[in-house]
Amino acid sequence: MDQKNLETGLLQMILKAETEIPPDVIAALKRAYLIETGAAKLQLEAMLANVEMAKKKRCPMCQDTGILTFFVTIGTDFPATGLLKQAIEHAVARATLEIPLRPNTVDPMTSTNHGDNLGSYLPHILWDFEPGDAVQIMTLPKGSGSENMSALGMLSPSSGLEGVRKFVIDTVKKAGGRPCPPIVVGVGIGGSADLVMNLGKRALLRPVGTRHADSLIATLEDELLELINKTGIGPMGLGGKVTALDVHVEVAHRHPASLPVGVVIQCWADRRASMVVHKYGTWEVK
Amino acid sequence: MEYHVSLPVPSDVLKKLRINDVLYITGSIFTARDSAHMKLRLMKPKDLAFDPSVMGLYHCGPLMKQENGRWIAVSAGPTTSSRMEEFEDILLDRFGIHLIIGKGGMGERTGKALKKTGSVYVAFPGGAGVLAAEKITNVSQVFWLEELGMPEAIWVLEVKEFGPLVVAMDSTGQSLYRRP
Numbered sequence: 001m002d003q004k005n006l007e008t009g010l011l012q013m014i015l016k017a018e019t020e021i022p023p024d025v026i027a028a029l030k031r032a033y034l035i036e037t038g039a040a041k042l043q044l045e046a047m048l049a050n051v052e053m054a055k056k057k058r059c060p061m062c063q064d065t066g067i068l069t070f071f072v073t074i075g076t077d078f079p080a081t082g083l084l085k086q087a088i089e090h091a092v093a094r095a096t097l098e099i100p101l102r103p104n105t106v107d108p109m110t111s112t113n114h115g116d117n118l119g120s121y122l123p124h125i126l127w128d129f130e131p132g133d134a135v136q137i138m139t140l141p142k143g144s145g146s147e148n149m150s151a152l153g154m155l156s157p158s159s160g161l162e163g164v165r166k167f168v169i170d171t172v173k174k175a176g177g178r179p180c181p182p183i184v185v186g187v188g189i190g191g192s193a194d195l196v197m198n199l200g201k202r203a204l205l206r207p208v209g210t211r212h213a214d215s216l217i218a219t220l221e222d223e224l225l226e227l228i229n230k231t232g233i234g235p236m237g238l239g240g241k242v243t244a245l246d247v248h249v250e251v252a253h254r255h256p257a258s259l260p261v262g263v264v265i266q267c268w269a270d271r272r273a274s275m276v277v278h279k280y281g282t283w284e285v286k
Numbered sequence: 001m002e003y004h005v006s007l008p009v010p011s012d013v014l015k016k017l018r019i020n021d022v023l024y025i026t027g028s029i030f031t032a033r034d035s036a037h038m039k040l041r042l043m044k045p046k047d048l049a050f051d052p053s054v055m056g057l058y059h060c061g062p063l064m065k066q067e068n069g070r071w072i073a074v075s076a077g078p079t080t081s082s083r084m085e086e087f088e089d090i091l092l093d094r095f096g097i098h099l100i101i102g103k104g105g106m107g108e109r110t111g112k113a114l115k116k117t118g119s120v121y122v123a124f125p126g127g128a129g130v131l132a133a134e135k136i137t138n139v140s141q142v143f144w145l146e147e148l149g150m151p152e153a154i155w156v157l158e159v160k161e162f163g164p165l166v167v168a169m170d171s172t173g174q175s176l177y178r179r180p
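Respectively, the protein sequence lines represent chains A and B.
In this text, residue positions in the first sequence follow the working numbering: the first is 1, and each later residue adds one.
In this text, residue positions in the second sequence follow the working numbering: the first is 1, and each later residue adds one.
Please note that a few of the clues may not be correct.
To list a few chain A residues with every Cβ distance to chain B over 12 Å, as calculated [what the hints assert, rightly or not]:
| no. | residue |
| --- | --- |
| 1 | Q12 |
| 2 | D77 |
| 3 | F78 |
| 4 | L83 |
| 5 | L118 |
| 6 | G132 |
| 7 | L155 |
| 8 | L161 |
| 9 | K173 |
| 10 | N198 |
| 11 | L227 |
| 12 | G237 |
| 13 | A252 |
| 14 | H253 |
| 15 | H278 |
| 16 | Y280 |
Within a straight-line C-alpha distance of at most 25 Å, the following computed SDA-like cross-link-like pairs (lysine to any residue) qualify [claimed, not checked]:
| no. | chain 1 | residue 1 | chain 2 | residue 2 |
| --- | --- | --- | --- | --- |
| 17 | B | K135 | A | M53 |
| 18 | A | K241 | B | S175 |
| 19 | A | K57 | B | R70 |
| 20 | B | K160 | A | M53 |
| 21 | A | K174 | B | G111 |
| 22 | A | K174 | B | W144 |
| 23 | A | K56 | B | P164 |
| 24 | A | K57 | A | N148 |
If you're looking for bench data, these hints aren't it; they were derived computationally from the structure.
Quantities reported herein were computed from a predicted structural model and do not represent experimental measurements.
Heads up, the beta-carbon is just placed ideally off N, CA and C, and yes, glycines get one too.
Put together the whole structure using the sequences plus the hints.
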């Protein structure tokens with residue numbers, strides 16, 4: 001398999017993620033635009049204009065091009081698994097120069113910028129396996145404005161789902177206008193401290209407007225969305241009716257003595273793109 | 001009210017600005033985030049090769065590219081202002097800053113300093129990086145690029161009709177971010 005060809009595909013996916021937002025998000029922003037008035041409407045108007053301009057000019061819609069996270073699901077019969085990590089790293093370095101992306105990886109000990117969006121443990125790649133001979137790759141470039149508002153709650157199981165709801169709402173209220181609302185909220189429930197944050201982030205991969213297959217979880221998503229939009233935070237925190245475009249919940253079984261909750265907030269520029277790499281190296285960006 | 005002004009904002013306009021007013025500015029602004037604030041709080045106006053009092057202070061870490069030796073802004077929306085909360089009252093007072101451009105709002109400490117110095121905080125739509133870059137006509141100076149890197153350096157930018165800027169914290173102490 002030609003690694004350079006694979007890198008070109010990855011570069012296309014990163015370009016798409018940084019310069020276009022998915023249609024489900026655009027539709028939700030347009031609905032919010034119709035609902036809001038005054039300063040809130042002005043924010044949405046600017047956001048929608050920015051989306052158009054970014055796509056047309058092929059420029060990253062936000063200067064914070066984020067930390068790149070890749071969710072990779074490898075078909076167990078895919079013949080070139082060994083190439084994937086290096087191809088992703090090369091593609092990130094190339095994207096930084098060629099798109100360009102803002103260099104965002106800083107050494108936490110010395111504060112020096114690595115310059116190419118690579119570094120220790122970065123880009124963050126999450127690996128998974130499934131039967132088949134293709135690879136599915138999804139990327140979620142996420143800026144620090146929203147990422148800094150993430151929160152982990154290790155609740156007491158006795159606080160139950162009411163405790164979960166309170167923790168999510170308190171986290172959103174505390175974040176206020178900082179994560180660039182209208183936000184998309186990913187919530188993990190259960191598992192362990194690390195797993196629940198991962199679930200919160202994975203929840204963001206689902207398109208806006210979709211509901212969990214489990215009806216109990218889907219109901220919780222609806223309830224949380226309604227509660228968040230009652231806070232009045234509004235677009236960019238300037239006050240309004242639409243604080244969140246959607247809420248997605250993913251769950252894991254929990255320890256009897258633990259009720260972990262992970263809240264991961266995504267900004268309105270809910271950027272994501274995906275690609276499939278076939279057995280012989282051909283690829284499609286979606 | 002909607003205002004289209006050249007920088008520095010004329011003092012009669014600055015006094016009149018109230019929350020929910022919309023501003024479009026033309027003139028010079030300079031970017032400063034966490035690291036630049038940490039350096040600036042230890043400096044005096046005479047140490048600087050630019051005059052912050054006639055510019056807007058923009059909370060922004062832009063995405064820039066260099067073409068034929070010239071810097072061009074690719075995407076340059078605002079960064080989260082609250083990270084600068086612990087430094088801003090010092091900067092407002094010492095450098096005579098009259099206009100802060102950011103997003104997400106600032107706290108009570110900055111609110112008090114705005115009132116004391118007769119300054120305002122305005123919000124540019126977060127994430128609208130290309131829209132912002134379109135209104136930057138020239139990148140005139142850059143400071144501390146080697147030391148701090150692209151996002152944290154101070155960039156002096158010439159802007160034309162830069163906005164929409166919603167007055168979110170005014171010089172009378174009102175704030176759009178305060179809610180029950």
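Do the hints match the structure? See the list:
With a cut of 12 Å on Cβ distances, A/Q12 stays outside the contact zone with chain B, its closest approach being about 18 Å. With a least CB separation of 40 Å from chain B, A/D77 remains clear of the 12 Å interface cut-off, as annotated. Distance check for A/F78 against chain B: the nearest CB is about 34 Å away, which clears 12 Å, and the non-interface claim stands. The beta carbon of A/L83 is kept farther than 12 Å from every beta carbon of chain B, the shortest such distance being approximately 29 Å.
Its beta-carbon lying about 14 Å from the closest one in chain B, A/L118 satisfies the requirement of being farther than 12 Å from that chain. The claim that A/G132 is not at the interface with chain B holds, since no C-beta of that chain comes within 12 Å of its own (minimum 36 Å). Chain B leaves A/L155 outside its interface by the beta-carbon criterion, the shortest separation being 26 Å against a cut-off of 12 Å. The Cβ of A/L161 lies farther than 12 Å from every Cβ of chain B, with a closest approach of about 26 Å, so its non-interface assignment holds.
Non-interface status of A/K173 relative to chain B is broken: a Cβ of that chain comes within 12 Å, the nearest being about 9 Å off. Taking the minimum C-beta to C-beta distance to chain B, about 24 Å, the non-interface status of A/N198 holds against the 12 Å cut. The beta carbon of A/L227 sits about 15 Å from the closest Cβ of chain B, which is more than 12 Å, so the claim that it is off the interface holds. Its beta-carbon lying about 6 Å from the closest one in chain B, A/G237 breaks the requirement of being farther than 12 Å from that chain.
For A/A252, the non-interface assignment is confirmed: its Cβ lies about 30 Å from the closest Cβ of chain B, beyond the 12 Å cut-off. Non-interface status of A/H253 relative to chain B is upheld: no Cβ of that chain comes within 12 Å, the nearest being about 35 Å off. The beta carbon of A/H278 sits about 33 Å from the closest Cβ of chain B, which is more than 12 Å, so the claim that it is off the interface holds. Consistency note on A/Y280: stated as away from chain B, and its beta-carbon is indeed over 12 Å from all of that chain's, at 36 Å minimum.
For the given pair, B/K135 sits about 12 Å from A/M53 by alpha-carbon distance, which is consistent with the 25 Å threshold. Of the pairs offered as hints, the one joining A/K241 and B/S175 holds, with about 18 Å between alpha carbons and a cut-off of 25 Å not exceeded. For the hint pairing A/K57 with B/R70, the CA-to-CA distance comes to about 19 Å; that is within 25 Å, so the pair holds. Taken as a hint, the B/K160 and A/M53 pair is honoured in the structure, with Cα atoms around 17 Å apart against an allowance of 25 Å.
For the suggested pair A/K174 and B/G111, the alpha carbons sit about 18 Å apart, so the restraint of at most 25 Å is met. The straight-line distance between the Cα atoms of A/K174 and B/W144 is roughly 33 Å, outside the 25 Å bound, and the hint therefore fails. Taking the CA atoms of A/K56 and B/P164, the gap is near 21 Å; set against the 25 Å cutoff, the hint holds. Distance check on the hinted pair: A/K57 and A/N148 sit about 29 Å apart at the alpha-carbon level, beyond 25 Å; violated.
In this structure, the earlier hints numbered 9, 12, 22, 24 are contradicted, and the remaining ones agree with it.
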